[in-house]
Amino acid sequence: MSEGKDLITIKDLCVHYPIRSGFFNRITDYVYAVDGVNFAIKEGQSYGVIGESGSGKSTIGKTIVGLEKATKGQIIYQGYDVTKKSNRKKHHYNKDVQMIFQDSLSSLNPRKKILDIIAEPIRNFEDLSEEQVKDKVKELLAIVGLEEDAMYKFPHQFSGGQRQRIGVARAVASHPKLIIADEPVSALDLSVQAQVLNYMKKIQKEMGISYMFISHDLGVVYHMCDNLAIMHRGRFVEIGSRDDIYNHPQHIYTKRLLAAIPRVDVTKRAEHTAYRKQVEEEFTENQDKWYQKDGKVYDLRQISETHWVALPDEGGQD
Amino acid sequence: MKNDPLLTIKDVDTAFKVDGTYYNAITDVSLDLYPDEILAIVGESGCGKSTLATSVIGLHNPNATKVSGSIVYHQRQKQADGTEKIVDRELVGMSADDMDKLRGNDMGMIFQDPLAALNPLMRVGDQIKENLDFHTNMSDEEKQARVLELLDQVGIPNPPRVARQYPHELSGGMRQRIIIAIAVACKPDLIIADEPTTALDVTIQAQILDLLKDIQKEKHAGVILITHDLGVVAETADRVAVMYAGQIVEVGTALQIFTNPKHPYTRSLLRSMPQADSEDDELYVIEGMVPSLKKMPQKGCRFAPRVPWVDASEHEEDPKMHEVEAGHLVRCTCYQNFEFPDEG
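Quick note, the sequences are listed as chains A and B, same order. In case it helps, my numbering puts the first sequence at residues 1 to 318. In case it helps, my numbering puts the second sequence at residues 1 to 344.
Hints in this document: simulated from the structure, not taken from any laboratory. Don't take each hint at face value.
[Stated by the list, open to error] Okay, derived cross-link-like pairs now, PhoX-like style, lysine-lysine, Cα gap no bigger than 20 Å in a straight line:
#1 277/A x 213/B
#2 217/B x 277/A
#3 78/B x 187/B
#4 219/B x 187/B
#5 85/A x 112/A
#6 66/B x 295/B
#7 268/A x 213/B
#8 95/A x 85/A
#9 62/A x 95/A
Use the sequences and the hints to build the structure in full.
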């Protein structure tokens, strides 16, 4: 899959929010939510973005679908620059890029029936008769494992897992090429989470969709994604294949994040705790070694064919 | 000392009134909590794990809830001559006044959402002091000193400054530390933590769990940790109780539960977890859905509909807890020959 073409390329993306204060409400400073991020998602591939809350990972997703405006940088979709809204329609960008939200209840209109919710993108982008639309919704509901009569119900009549699957059905309705999934399963119970993830994988295989998977759950991202990026303070600290990140993490922040995930292996509890404390200590002590003076993450440097790490200029660690 | 339980929960049923009828949210729960241990209660949403906690600490709505059975708190009272005497206090049906004296003093509670649990209009130092005002007769200076000591203990930098701040000025992790400081202000020997880290990032979660463990060790307290995260359980708990549909289906030490799980539900849960070191392409999905409060099956094994391939004769008619090894109990007999369909 790795030899596929780049579907979307993000170049030096910045999203800065102004902070206004004082008597004239003038702009006094900026929040650098996303500050110079580069990456590419290949066709049919899953790309994971991991970070803690406030790291800017959701902002990237929102900027790609157009819910947020980029301050600087470019979004290149299949070779066309779609950073500007006016260019998007021409290249079917709005149809090809869809989003799955974290909170399934607030992202589905409570006053609409499931039929109308799922049919909305179909009616927007395709010219079909009402009968054809209905057939299509039926098909989509079957893909995500819901009964046919679900389309005459309202969102509140479903459980959290079912609603999230409705969100998945709506996202794939317009036959998109890329789906941005922002924490799609973090509100779900374990057994339901497994269901939704399985459906997402199945759809990917059948329709050849690319995912951009935004999450703080490293287990989920490991399960879903081939390549991933670790984000901290609005920038990427490490990009690599699944194996690079999980088995050969280089940046101290990546190590810290990985060490903090609770392990299910009870027999190694003491070792794991000791390792975590050691990494945590290294992280607090060597801040200035891994970050620039103003706390900013360094630019990424390539250390292997697939693996990039934010390191200072004067050469690598270890 | 180790063998005297701190809390004895026996045959507890808690029912909620919905549309005029009472429905059991938890049924037939029996558990012991010992001093100096962390007992984790795991289960998915709606399995009754929080209901169990509110039944212990008496935080349910008394007009719409019926608790039956017995919850005995073995209170250690200091006698005049300095020795300790254990007094059994029955918590079911205890008067609100008596409960108030225990709550916050002998029993502390840590809530899931620290922003909702803190008063937004009160400085955090005063919120910690409130607990001391109610339960102790310290002088103002002593209280102030104790507040700063507590803030320091829960790892807050610059306690005098933070004590004067309001909850909205603090980060999520800091707020959860304040909640812990309030809970342990009067040195309780029973701490109930209801999803204490669910709202936090993994790195903060690790810090808070470490803090909880340290405080528990220092005070030799018994902690009930309620969570849905099996990773958190594996990292912190000494013993584990797994709940499904209002019942405890398996109890044992953390080692027993994770290395030798018996009940089909426990095994299914562990199997459906995406893990950073497994290559399985497809995750295991438990068939069907968790029954809702009104549709809770009252007879037979409650997990039976979710493992339809298991023959009815494998289940018990009235499932009881069976001891499989010392301290490891499993409900129903269906675990004995249980196999996943693809293992066959």
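(request) Return the numbers of the hints above that this structure violates; sort them in rising order. (result) 5
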